[in-house]
Amino acid sequence: SQTIHQWPATLVQPVGSPLSLECTVEGTSNPNLYWYRQAAGRGLQLLFYSVGIGQISSEVPQNLSASRPQDRQFILSSKKLLLSDSGFYLCAWSVILTGQTGELFFGEGSRLTVL
Amino acid sequence: AQSVAQPEDQVNVAEGNPLTVKCTYSVSGNPYLFWYVQYPNRGLQFLLKYITGDNLVKGSYGFEAEFNKSQTSFHLKKPSALVSDSALYFCAVRDRPANFNKFYFGSGTKLNVKP
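Chains as they are written, first to last, in my numbering: chain A, 2 to 116; chain B, 338 to 452.
Okay, chain A solo, but in the shape it has when bound (with noise of 0.2 Å):
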């Protein structure tokens, strides 16, 4: 079965300090990555998506990046922390086969608190 991981669960980072939350993926293989934004509990703000190792797409500019080095690896990161960098921090996965809808699959999230 697939399952997703996700790490560090919690951060608490200094304003201007560099960030970088992975997430890993296992049993399934070219998987749609996902990386969301979730601020105060509500609703989700898609940051990244990724379609194979190293395509990138990007949907808002921010003040992060994101990464695909592995097939089933996928880094979110920041060079220099803000304070509007706090929030819940989700990766998701998908895969679309012939004939299925592909739903997204969600890490248990990593929350980031910027001080």
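No wet-lab data here; the hints were simulated from the structure.
This one's a predicted model, so the numbers in the text were calculated from it and none came from an experiment.
Each hint should be verified, as a subset may be incorrect.
Said to hold, decoys possible - For each label pair, taking beta carbons as the anchor points, the in silico distance ranges come out as:
id	chain 1	residue 1	chain 2	residue 2	range
1	B	Ser397	A	His6	17 to 27 Å
2	A	Glu27	B	Glu401	42 to 52 Å
3	B	Pro377	A	Pro9	12 to 22 Å
4	A	Asn31	B	Phe383	15 to 25 Å
5	B	Gln339	A	His6	41 to 51 Å
6	B	Lys395	A	Glu27	21 to 31 Å
7	A	Leu116	B	Ser417	39 to 49 Å
8	A	Ser18	B	Lys406	44 to 54 Å
9	A	Ser78	B	Ser340	28 to 38 Å
10	A	Val96	B	Ser340	19 to 29 Å
Claimed, not checked - Which residues of chain A face chain B? A partial, calculated answer using Cβ under 10 Å:
id	residue
11	Tyr35
12	Arg43
13	Ser58
14	Ser59
15	Gly88
16	Phe89
17	Glu104
Idealized CB from N, CA, C, for every residue including glycine.
Assemble the complex: chain A is given as a structure, and chain B must be docked to it using the hints.
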């Protein structure tokens, strides 16, 4: 532009009573529709989906959803609410076939089930 609306920030219902969480969508063409549930500090869990066929879709934990094309709605329902159903619920739509990698989420509805 594709969009999903959840008109209620919060829904309150007594345990044992039926519940409805509303969702309307605006997309070009026929969409794929989804419902997700999120418990505090957790990732989103997939509940159910509509692709085509019967307008009433059954999903996990006794939930079902009714697709209404003329009203562009996809309301989530359960005949008898449980206290453990209290959570944040998200409606989502996925484009097809163009922009198939993009999901659009509603702002979420907090369901409170009181004993």
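Going down the list of hints, with the structure as the test:
no. : hint                              : result
1   : Ser397/B <-> His6/A: 17 to 27 Å   : holds, 22 Å
2   : Glu27/A <-> Glu401/B: 42 to 52 Å  : violated, 31 Å
3   : Pro377/B <-> Pro9/A: 12 to 22 Å   : holds, 18 Å
4   : Asn31/A <-> Phe383/B: 15 to 25 Å  : holds, 20 Å
5   : Gln339/B <-> His6/A: 41 to 51 Å   : violated, 30 Å
6   : Lys395/B <-> Glu27/A: 21 to 31 Å  : holds, 29 Å
7   : Leu116/A <-> Ser417/B: 39 to 49 Å : holds, 45 Å
8   : Ser18/A <-> Lys406/B: 44 to 54 Å  : holds, 50 Å
9   : Ser78/A <-> Ser340/B: 28 to 38 Å  : holds, 30 Å
10  : Val96/A <-> Ser340/B: 19 to 29 Å  : holds, 25 Å
11  : Tyr35                             : holds, 8 Å
12  : Arg43                             : holds, 5 Å
13  : Ser58                             : holds, 8 Å
14  : Ser59                             : violated, 13 Å
15  : Gly88                             : violated, 12 Å
16  : Phe89                             : holds, 8 Å
17  : Glu104                            : holds, 5 Å
This entry does not satisfy hints 2, 5, 14, 15, going by the numbered hints stated previously.
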